[in-house]
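Modelling step: build the complete structure from the supplied sequences, incorporating the hints.
In case you want the letters, here they are:
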Amino acid sequence: MTTTSLTKSRGAGRAGDKVFSAATLAAGCLILAVLFGVALFLLIQAFPALVASPDEIQGGKGFVSYIWPIVIGTLIAAVIALVIATPVAIGVALFISHFAPRRLASGLGYVIDLLAAIPSVVYGAWGAAFLAKEISPAYNWLASNMGWLPIFQGPASATGKTILTAGIVLSVMILPIITSLSREIFLQTPKLHEEAALALGATRWEMIRMAVLPFGRPGVISAVMLGLGRALGETMAVALVLSSGALTASLIQSGNQTIAAEIALNFPEASGLKVNTLIAAGLVLFVITLGVNMIARLIITRHKEFSGAN
Amino acid sequence: MSKRIDVKDLNVYYGKFLAVADVNINIEAKSVTAFIGPSGCGKSTFLRTLNRMHEVIPGARVEGEVLLDGDNLYGPGVDPVTVRSQIGMVFQRPNPFPTMSIRDNVLAGVKLNNQKMSKGEADVLVERSLQGANLWNEVKDRLAKPGSGLSGGQQQRLCIARAIAVEPQVILMDEPCSALDPISTLAIEDLINELKDQYTVVIVTHNMQQAARVSNKTAFFNIAGTGKPGRLIEYGDTHTMFSNPTQKATEDYVSGRFG
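Taken in sequence, the protein lines are chains A and B.
Sequential numbering from 1 applies to the first sequence in this note's numbering.
Sequential numbering from 1001 applies to the second sequence in this note's numbering.
The set of hints was computed from the structure by calculation and includes no laboratory data.
For each residue, glycine too, the CB sits at the ideal point set by N, CA and C.
None of the hints are false.
Distance windows between CB atoms, simulated:
{"hint": "1", "chain 1": "A", "residue 1": "Leu-149", "chain 2": "B", "residue 2": "Arg-1061", "range": "52 to 58 Å"}
{"hint": "2", "chain 1": "B", "residue 1": "Met-1117", "chain 2": "A", "residue 2": "Thr-301", "range": "29 to 35 Å"}
{"hint": "3", "chain 1": "A", "residue 1": "Arg-209", "chain 2": "B", "residue 2": "Asp-1079", "range": "15 to 21 Å"}
{"hint": "4", "chain 1": "A", "residue 1": "Lys-133", "chain 2": "B", "residue 2": "Arg-1061", "range": "50 to 56 Å"}
{"hint": "5", "chain 1": "B", "residue 1": "His-1239", "chain 2": "A", "residue 2": "Leu-104", "range": "53 to 59 Å"}
{"hint": "6", "chain 1": "B", "residue 1": "Ala-1179", "chain 2": "A", "residue 2": "Leu-43", "range": "54 to 60 Å"}
Here are the simulated SDA-like pairs of lysine to any residue, each with C-alpha atoms no more than 25 Å apart in a straight line:
{"hint": "7", "chain 1": "B", "residue 1": "Lys-1111", "chain 2": "B", "residue 2": "Asp-1141"}
{"hint": "8", "chain 1": "A", "residue 1": "Lys-191", "chain 2": "B", "residue 2": "Phe-1017"}
{"hint": "9", "chain 1": "A", "residue 1": "Lys-133", "chain 2": "A", "residue 2": "Pro-150"}
{"hint": "10", "chain 1": "B", "residue 1": "Lys-1228", "chain 2": "B", "residue 2": "Glu-1055"}
{"hint": "11", "chain 1": "A", "residue 1": "Lys-191", "chain 2": "B", "residue 2": "Gly-1149"}
{"hint": "12", "chain 1": "A", "residue 1": "Lys-191", "chain 2": "B", "residue 2": "Arg-1093"}
{"hint": "13", "chain 1": "A", "residue 1": "Lys-191", "chain 2": "B", "residue 2": "His-1206"}
{"hint": "14", "chain 1": "B", "residue 1": "Lys-1016", "chain 2": "A", "residue 2": "Glu-195"}
{"hint": "15", "chain 1": "B", "residue 1": "Lys-1145", "chain 2": "A", "residue 2": "Arg-217"}
{"hint": "16", "chain 1": "B", "residue 1": "Lys-1111", "chain 2": "B", "residue 2": "Val-1078"}
{"hint": "17", "chain 1": "A", "residue 1": "Lys-191", "chain 2": "B", "residue 2": "Ile-1057"}
{"hint": "18", "chain 1": "B", "residue 1": "Lys-1228", "chain 2": "B", "residue 2": "Asp-1252"}
{"hint": "19", "chain 1": "A", "residue 1": "Lys-191", "chain 2": "B", "residue 2": "Gln-1092"}
{"hint": "20", "chain 1": "B", "residue 1": "Lys-1111", "chain 2": "A", "residue 2": "Glu-195"}
{"hint": "21", "chain 1": "B", "residue 1": "Lys-1145", "chain 2": "A", "residue 2": "Ile-299"}
{"hint": "22", "chain 1": "B", "residue 1": "Lys-1016", "chain 2": "A", "residue 2": "Pro-101"}
{"hint": "23", "chain 1": "B", "residue 1": "Lys-1116", "chain 2": "A", "residue 2": "Arg-204"}
{"hint": "24", "chain 1": "B", "residue 1": "Lys-1111", "chain 2": "A", "residue 2": "Arg-217"}
{"hint": "25", "chain 1": "B", "residue 1": "Lys-1111", "chain 2": "A", "residue 2": "Leu-192"}
Some residues of chain A that are not near chain B, with every Cβ distance over 10 Å (derived):
{"hint": "26", "residue": "Arg-14"}
{"hint": "27", "residue": "Phe-41"}
{"hint": "28", "residue": "Leu-115"}
{"hint": "29", "residue": "Val-122"}
{"hint": "30", "residue": "Pro-137"}
{"hint": "31", "residue": "Ile-151"}
{"hint": "32", "residue": "Leu-226"}
Dropping the structure here:
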């Protein structure tokens, strides 16, 4: 008698469990299927370009010599964006989370989030029509005063439509991502650790260095990587801002190109093997982004033992 | 290396809410003073005013004087950062810095004071502080491991080591054993007994037996009702407080009739 009462169960509840677990499983599988499908499409479509004879590829010297300048260009633009955006974003996030009075902090938070709502084509137009013009005197100054550095070698572009301008525009675009994620992370710092630092006689800045930044480190790295992902893949702003050309070391001359902008500018008129070449470029961008994310994960897990999680 | 604390007419506010009213108390140097009382009576709040940790909470403020060997902690021009480096604190839940090794945790406070320290001096200080917190033998082989890997009781003793490494005048403890098991509690109580030879120790505890075991003097705080301020009801030798208190409320509390 007692055994029957144990084997009975509420039928409806179990059914709900099953539906829910099936739905989550399906959602998980769908993501994998989409990712796999995209990767497969890229591989199949890119294949002809990868095996084609060198003189059939644009430039006539094979796929590798076609792709590497724009890979470098992509990385340069993204690195410029990160170098500018990361310190600013961390500073703004810390100001919002730990320094600003509460009302100012929430207002500032909204403004930063608004930056993320601006479409990238608007950033591109702003960069091309306004920033490039305004910043070209600075480039002239750099060329004449710091020209001995290869990256500031003159003559500076008269229009200001250089890879440095593109990087600056990108940095503004990725600023809100890094800022809002970092702010959320910093706000989650356990009060306990902040008070531990303060009780030892730490000033507010020392408290941030002892408790807030170490706690937020993995989160900030993730935020920066998300920003990097956007900077690597950003198309419209770079296409509009940069007057592209061959790979050059100088950041203040026109030249250089990024993968995403290269694809966007050439795809509409491409046909035949050119399409395959551009898709192969997309595959390379995919691999770079994947690599960046894996490196980020590696950095985060390497310090797991010392993270705030345990 | 230890100083006395004299509190005069202290009122503690959270915004407009008066949390603790009219506290006058003289805390002896090189002794253990325990604050007991029911939950919400303001004993922790009052403890936090003794090293100006209270004002970390937005809107919190204090009226009155807290004198550390005659110097007012709330006097004009007094830097709370300096106050806190003189008056250390151990919290209810062990809070070693999770991203730092055991060694770095001990040195965390010392490094703040910008003292340039050779590795040898630092080694000596780490050993002395951990010895002082009765933790040295348990961790000497894993100083480079994270402090968060220790047990709760060990973490709490690490926090005490971190507090005494800066050689404070006073050590405040806010229910240091409430998150610990009985064995770890005993270890901390033994340690408190040793600490009073060098430091002024003030401890808040929910556990009356603990107050009776570790303290020389006991202060009983009580609250008249919700929304009313907490007050210091009675203060005296621990033995007297537990055997022959003058106030009815104290007697009811220590005999377990409420709280």
